[in-house]
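Number of protein chains: 6
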Amino acid sequence: MKKDLNLKDNRMRLKVVVPVITEKFVEPTRKEVEKFISGDTEVDVQNIRYGTASIEARYDEMLCALDILRIVKKAEREGFDGVYIDCMGDPGVEEAREVVDIPVVGPARVSMLVAADLAHRFSVITVLKNVIPLLEEIAVTTRIVEKLASVRSVDIPVLGLEKEGRLLTALVSESKRAVNRDGAHALVLGCTGMRGVAKRLQKSLKEEDYNVPVIYPVALGIKYLELLVSLNLSQSKKTYMHPPEKERNVWEKLEK
Amino acid sequence: MKKDLNLKDNRMRLKVVVPVITEKFVEPTRKEVEKFISGDTEVDVQNIRYGTASIEARYDEMLCALDILRIVKKAEREGFDGVYIDCMGDPGVEEAREVVDIPVVGPARVSMLVAADLAHRFSVITVLKNVIPLLEEIAVTTRIVEKLASVRSVDIPVLGLEKEGRLLTALVSESKRAVNRDGAHALVLGCTGMRGVAKRLQKSLKEEDYNVPVIYPVALGIKYLELLVSLNLSQSKKTYMHPPEKERNVWEKLEK
Amino acid sequence: MKKDLNLKDNRMRLKVVVPVITEKFVEPTRKEVEKFISGDTEVDVQNIRYGTASIEARYDEMLCALDILRIVKKAEREGFDGVYIDCMGDPGVEEAREVVDIPVVGPARVSMLVAADLAHRFSVITVLKNVIPLLEEIAVTTRIVEKLASVRSVDIPVLGLEKEGRLLTALVSESKRAVNRDGAHALVLGCTGMRGVAKRLQKSLKEEDYNVPVIYPVALGIKYLELLVSLNLSQSKKTYMHPPEKERNVWEKLEK
Amino acid sequence: MKKDLNLKDNRMRLKVVVPVITEKFVEPTRKEVEKFISGDTEVDVQNIRYGTASIEARYDEMLCALDILRIVKKAEREGFDGVYIDCMGDPGVEEAREVVDIPVVGPARVSMLVAADLAHRFSVITVLKNVIPLLEEIAVTTRIVEKLASVRSVDIPVLGLEKEGRLLTALVSESKRAVNRDGAHALVLGCTGMRGVAKRLQKSLKEEDYNVPVIYPVALGIKYLELLVSLNLSQSKKTYMHPPEKERNVWEKLEK
Amino acid sequence: MKKDLNLKDNRMRLKVVVPVITEKFVEPTRKEVEKFISGDTEVDVQNIRYGTASIEARYDEMLCALDILRIVKKAEREGFDGVYIDCMGDPGVEEAREVVDIPVVGPARVSMLVAADLAHRFSVITVLKNVIPLLEEIAVTTRIVEKLASVRSVDIPVLGLEKEGRLLTALVSESKRAVNRDGAHALVLGCTGMRGVAKRLQKSLKEEDYNVPVIYPVALGIKYLELLVSLNLSQSKKTYMHPPEKERNVWEKLEK
Amino acid sequence: MKKDLNLKDNRMRLKVVVPVITEKFVEPTRKEVEKFISGDTEVDVQNIRYGTASIEARYDEMLCALDILRIVKKAEREGFDGVYIDCMGDPGVEEAREVVDIPVVGPARVSMLVAADLAHRFSVITVLKNVIPLLEEIAVTTRIVEKLASVRSVDIPVLGLEKEGRLLTALVSESKRAVNRDGAHALVLGCTGMRGVAKRLQKSLKEEDYNVPVIYPVALGIKYLELLVSLNLSQSKKTYMHPPEKERNVWEKLEK
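Protein chains in written order, with our numbering: chain Z, 47 to 302; chain P, 47 to 302; chain W, 47 to 302; chain S, 47 to 302; chain R, 47 to 302; chain X, 47 to 302.
Just chain Z, with the same shape it has in the complex (with noise of 0.2 Å):
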């Protein structure tokens, strides 16, 4: 952390991990990012090499969380400020959080949090109903599982996303059901694939009369890191404590 709290330097280097095997979401999501940082943050967007082509299951994330690891690692040694894990299933960010001082953040647990400030009740709009558990589990360690109205899915693969017309459609759908049936008061989009859909979704909700925020992980969580870089916060060591020094032999194998 080199930050000077008293100084006006909001220039910072940001590390974006996209967390799948396939190199076309790299260049999509830092066009999607770099709308929102501000003009002294710099990004550098990287996918994995080792894991999975989607994220749609606690094992793949598991099998992701490995290479995420040394990317995260990497980063701090190159001197970045703040990594963010682009995944809705916060994939491997307790972990890294645990082996590096520069804050590290996913979108979910974040679009919870503020969701909660912004209303008494949120639900989050999935992909398919495999993640649904998986995510009120992150509600549940976010402790903020009170104020999760639902979790919904759209019953759309990940890698189906980008016919959207359909996904919005489904969308509204299941965001009316959201608010008429659960009670939410909020909305959050349940996976970092559903881009560029917010804002309509929003507009096409406030037009049948459903005014309720709609909160775009991706936008929420390079934003949020920004904020933490900003201040000079990043994760407790006391809950994140460094591993102690052992015997760890699964990176010479990945790496060979």
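Incorrect hints may appear among the rest.
The list treats identical chains as one, so a pair stands whether inside a single copy or across any two.
Unchecked claim - Within a straight-line C-alpha distance of at most 30 Å, the following computed BS3-like cross-link-like pairs (lysine-lysine) qualify:
{"hint": "1", "residue 1": "Lys175", "residue 2": "Lys249"}
{"hint": "2", "residue 1": "Lys70", "residue 2": "Lys81"}
{"hint": "3", "residue 1": "Lys209", "residue 2": "Lys222"}
{"hint": "4", "residue 1": "Lys245", "residue 2": "Lys209"}
{"hint": "5", "residue 1": "Lys70", "residue 2": "Lys292"}
{"hint": "6", "residue 1": "Lys292", "residue 2": "Lys120"}
{"hint": "7", "residue 1": "Lys222", "residue 2": "Lys249"}
{"hint": "8", "residue 1": "Lys222", "residue 2": "Lys70"}
{"hint": "9", "residue 1": "Lys175", "residue 2": "Lys77"}
{"hint": "10", "residue 1": "Lys299", "residue 2": "Lys249"}
{"hint": "11", "residue 1": "Lys299", "residue 2": "Lys245"}
{"hint": "12", "residue 1": "Lys70", "residue 2": "Lys283"}
{"hint": "13", "residue 1": "Lys299", "residue 2": "Lys120"}
{"hint": "14", "residue 1": "Lys175", "residue 2": "Lys120"}
{"hint": "15", "residue 1": "Lys209", "residue 2": "Lys119"}
{"hint": "16", "residue 1": "Lys222", "residue 2": "Lys299"}
{"hint": "17", "residue 1": "Lys120", "residue 2": "Lys209"}
{"hint": "18", "residue 1": "Lys81", "residue 2": "Lys209"}
{"hint": "19", "residue 1": "Lys245", "residue 2": "Lys119"}
{"hint": "20", "residue 1": "Lys299", "residue 2": "Lys70"}
{"hint": "21", "residue 1": "Lys81", "residue 2": "Lys249"}
{"hint": "22", "residue 1": "Lys249", "residue 2": "Lys70"}
{"hint": "23", "residue 1": "Lys119", "residue 2": "Lys292"}
{"hint": "24", "residue 1": "Lys209", "residue 2": "Lys175"}
{"hint": "25", "residue 1": "Lys252", "residue 2": "Lys175"}
{"hint": "26", "residue 1": "Lys81", "residue 2": "Lys252"}
{"hint": "27", "residue 1": "Lys299", "residue 2": "Lys252"}
{"hint": "28", "residue 1": "Lys252", "residue 2": "Lys292"}
{"hint": "29", "residue 1": "Lys120", "residue 2": "Lys249"}
{"hint": "30", "residue 1": "Lys299", "residue 2": "Lys209"}
I should point out that these hints are in silico values taken from the structure, not numbers from a laboratory.
Predicted model only: the values in this text are computed from it and were never measured.
Given the structure of chain Z, go ahead and fit chains P, W, S, R and X onto it with the hints provided.
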């Protein structure tokens, strides 16, 4: 809300309310706030005319809320993009969120939510015993109270905080008690009048091997408001509905 | 507190505050309250001069709280034994409990606590959607929210409650939904303006085989205050400490 | 339930059950109860014939519950308006609420609910360590356990409570520990055998600057029952349904 | 507790209490229990003499608890290694745990804890509406209520459960409602009289694509007791202290 | 799942995973586990090839999870009836439960659930401070955290646990603090490396009048798995859905 989500225009005008009747805190607050805002942000700092000299009770909050509300409503009419109310009791925040559409933020709830992200448990170190129940209640309504390790006080009234030496000594000693006895992993300064001391507190604690984040609510509150405005987010109008029209005869009395 | 616990003297003088600016509710409230108090109790009913015509928002509560506080402080000086504030938002109750030693009671928290004694889960049936979050928040701060099945509204504003036929029909229908859909085992009327209807509601429900207690908050609030006074009990001065002395310039403005 | 809600007739007959097998507590309980009831209330105090000499375990409660139930059922047949069971374990209260329609009240749950109204956190000071888990469990089933600061014991058995000097000294010292160490803002006496000491305890504490309400459960229990009867309220028959008809062969054995 | 933790001797003698006054359930229970115990376990099944014909209310539980306690105490004197009380209300379990040192187990709490391990949320499907509050309360005192999706009933009294066809149909239909409407991921049969139906229910549900575990409480209860005994574990004597000595006159009356 | 619920055939084959990269714990674990399994159970104990030498951080868990998953999947293919993963962090348990149908069990969650049955509150005594937040989080996701009195550490790393004298002394002293200061009524050993010490700890504590159950997680974990298998129970496929098919490129790298 006039921002366009797809347009990289982060210019914004924020209103900062100093919710006490003396002008002498306006200039120091402006200086403090300007340390943290980004280059594109413009702030206007203003104190209230009717209320109390400091806020150390629910009673004080209530007495100040009226003139806070007047300023908030005027700020929206004048095109401000958001309002930050600079007091750890979050006075008038809930009421103000009903009457305007622009985001209204206080430092207390937000500091607790960020502390909840950074650590398993956090403590708030405040001024007088009087405000402990009030701060505990903010943790309860925020539904984050399971992560609140304790609220402790340095036993110095708001208007005595300017003797920094005594304040720092007391903060260090209560912070250590919060960590050792209450299990806190992060700390939140419990009064916005504790200016300029967060960094030194964190440094002093670290020298004694208490490596925990210290959240400075003034800095966090204004940065969080910037984040909301830049993402075009505001409080839910389902949780904070506009009050119905009716006869209200207080304003004319105060405006006389 | 002048009572002697060992002396069978239940005579007491209670102040009832009607926290709206029109006088027309004073007489009906007095009549209603006098149905329930014991022979030894004397009540004085009084409305506020500055505030709002009805309370349907946190904003309204804040506007009314100032003049409520003035009346409460005066009541203590004049030797009243306790104060009952007749509105289901419990406006000014927390603040008033700080500035006086005599017990101050509102109907909302108390109705919820008694409902929690009589049943596993209860619902509140209130006037407008606007006040639902506010009533939910009272359940949260009372820490009894796990027993709150739901808050429902009849969608009639406070000033329209006097058409009893429509009110009763709407109450019966929302009450049945609360029992069937939300699992309520007891009901609380959610506005003190719902006068004279509790008994008929309970009867109508019973005829349709919905045998659940219906709590009428006006009756309960005043009886609960009598109970506290007769037992020489009042709010804890550890939770509601006296506000420290300081400059406060609102009163002079209002008193002009 | 024979009261008419619109009729100012507060006359009522209440049954008080002393749930131990010795008669010697009947007269003192009657005297105690009569200090608190209103002029229109008539009480009949009666002890059980089969059970235990005192209640200091779940086992004791179970042994006493049978004869308590017999008395409660008889009380309803004889036209009593409500029943108060005078023991801080609330023995037989839940079961009795199923078999009769008139309100049945014990002092424990009710004392905790009132303490929860008067203060942020409360402690119960009871007789022996044995009953601490039992009292904690009442706080859990009442769903008010977040407000329970602690249950402490003076380490004096029920049948040794009559030496008032020793009792008062022990109560003062445990009460101060409850306030200082556990953060209690209100106190509840944890055994109905602690007669005549609440007022002196509160006075002693106040002299040492511990200004907290002390709830005397006997007084509160009987007054609360009066309140329910006067408002025509009773336990919900959805939570406490009448047990279905079937063969039950215990009564004949006990009645022989 | 006579087992030696280091000695592979799993022989044990368990007492099974059938807590109803008819003998006709003893033989079926013995057959059922013997399907699940290991080869080294010996069981003795016994019904009570005084109590009720079935348990469908807190009142019934109380009437049966006395004779359950007599059997439990005798079982310990006769050298049994543990006691299983075969009723989903866990009648007498808490009381019995105080008076003996050998482990005492009922099926309800244990079924809920295992369901909480296997799934995010579970539902209990029971006999009559009467016992729903009672089962909910067991979830509350077990502190696992956040994982309880619902308690539903098939509306068949205990003594009508033997018509298996009707029972299975009703169970299938309520189970599907529990999954679809309440979000249950696992199911618990809510009455020990639902014998021999768990396996067929799970199969029927699976055929309709409801692949969820179905917990049969009789099987689980006896296996869990075996587990405790084999590990030399029993209830904590800090939570379940031995009741102090005193006069208790019920037993002589019942034994006459 | 091949068992027939109606057939008294308790033979089963269980896989035990020792989730560290050194072989030296395999033989002691096998001996330990064989003390507790029933005569019909066959176990196969196996350590991982890639991971860490011990588990003392979330980071270590993540590094070990990959090879744990490989073993679990292979075990199902080879016809094992269940898998027990022998580490108090329950590493890989949640992920493994998604990819197989046979039950997967770790000791931590299960020990906490059984402790919650036996006592009002329990403490876990673990190795290093590093793992305290991790164990607290297991209590949170298990939703049993209200019963967790504390997690304490003996400040001995996993690889230093073999000096039994020092370990026992440290366990006795932390256990007494857990009972006295934190109110624990039961204790759970917080590391599966604490072999052979549970019985002596319970004895030492009892001699000093601390009569509380001590749960040895290795013994409990394997017995609990036996219980699930014998009852044909496994994790819910609604909570742990099978991950969708997709490209995953980690395995080939590790298998090279």
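Hints and how they fare:
no.: 1; hint: Lys175 / Lys249; result: both (26 Å within a copy, 23 Å between copies)
no.: 2; hint: Lys70 / Lys81; result: within (19 Å within a copy, 39 Å between copies)
no.: 3; hint: Lys209 / Lys222; result: within (21 Å within a copy, 33 Å between copies)
no.: 4; hint: Lys245 / Lys209; result: within (16 Å within a copy, 44 Å between copies)
no.: 5; hint: Lys70 / Lys292; result: between (37 Å within a copy, 16 Å between copies)
no.: 6; hint: Lys292 / Lys120; result: both (19 Å within a copy, 28 Å between copies)
no.: 7; hint: Lys222 / Lys249; result: within (13 Å within a copy, 35 Å between copies)
no.: 8; hint: Lys222 / Lys70; result: neither (32 Å within a copy, 42 Å between copies)
no.: 9; hint: Lys175 / Lys77; result: within (29 Å within a copy, 41 Å between copies)
no.: 10; hint: Lys299 / Lys249; result: neither (50 Å within a copy, 40 Å between copies)
no.: 11; hint: Lys299 / Lys245; result: neither (44 Å within a copy, 41 Å between copies)
no.: 12; hint: Lys70 / Lys283; result: neither (35 Å within a copy, 32 Å between copies)
no.: 13; hint: Lys299 / Lys120; result: both (17 Å within a copy, 20 Å between copies)
no.: 14; hint: Lys175 / Lys120; result: between (34 Å within a copy, 26 Å between copies)
no.: 15; hint: Lys209 / Lys119; result: neither (35 Å within a copy, 35 Å between copies)
no.: 16; hint: Lys222 / Lys299; result: neither (49 Å within a copy, 44 Å between copies)
no.: 17; hint: Lys120 / Lys209; result: neither (35 Å within a copy, 38 Å between copies)
no.: 18; hint: Lys81 / Lys209; result: within (22 Å within a copy, 44 Å between copies)
no.: 19; hint: Lys245 / Lys119; result: between (34 Å within a copy, 26 Å between copies)
no.: 20; hint: Lys299 / Lys70; result: both (26 Å within a copy, 22 Å between copies)
no.: 21; hint: Lys81 / Lys249; result: within (19 Å within a copy, 35 Å between copies)
no.: 22; hint: Lys249 / Lys70; result: within (29 Å within a copy, 44 Å between copies)
no.: 23; hint: Lys119 / Lys292; result: both (17 Å within a copy, 27 Å between copies)
no.: 24; hint: Lys209 / Lys175; result: within (19 Å within a copy, 37 Å between copies)
no.: 25; hint: Lys252 / Lys175; result: both (26 Å within a copy, 18 Å between copies)
no.: 26; hint: Lys81 / Lys252; result: within (23 Å within a copy, 37 Å between copies)
no.: 27; hint: Lys299 / Lys252; result: neither (53 Å within a copy, 37 Å between copies)
no.: 28; hint: Lys252 / Lys292; result: between (56 Å within a copy, 26 Å between copies)
no.: 29; hint: Lys120 / Lys249; result: between (41 Å within a copy, 27 Å between copies)
no.: 30; hint: Lys299 / Lys209; result: neither (39 Å within a copy, 33 Å between copies)
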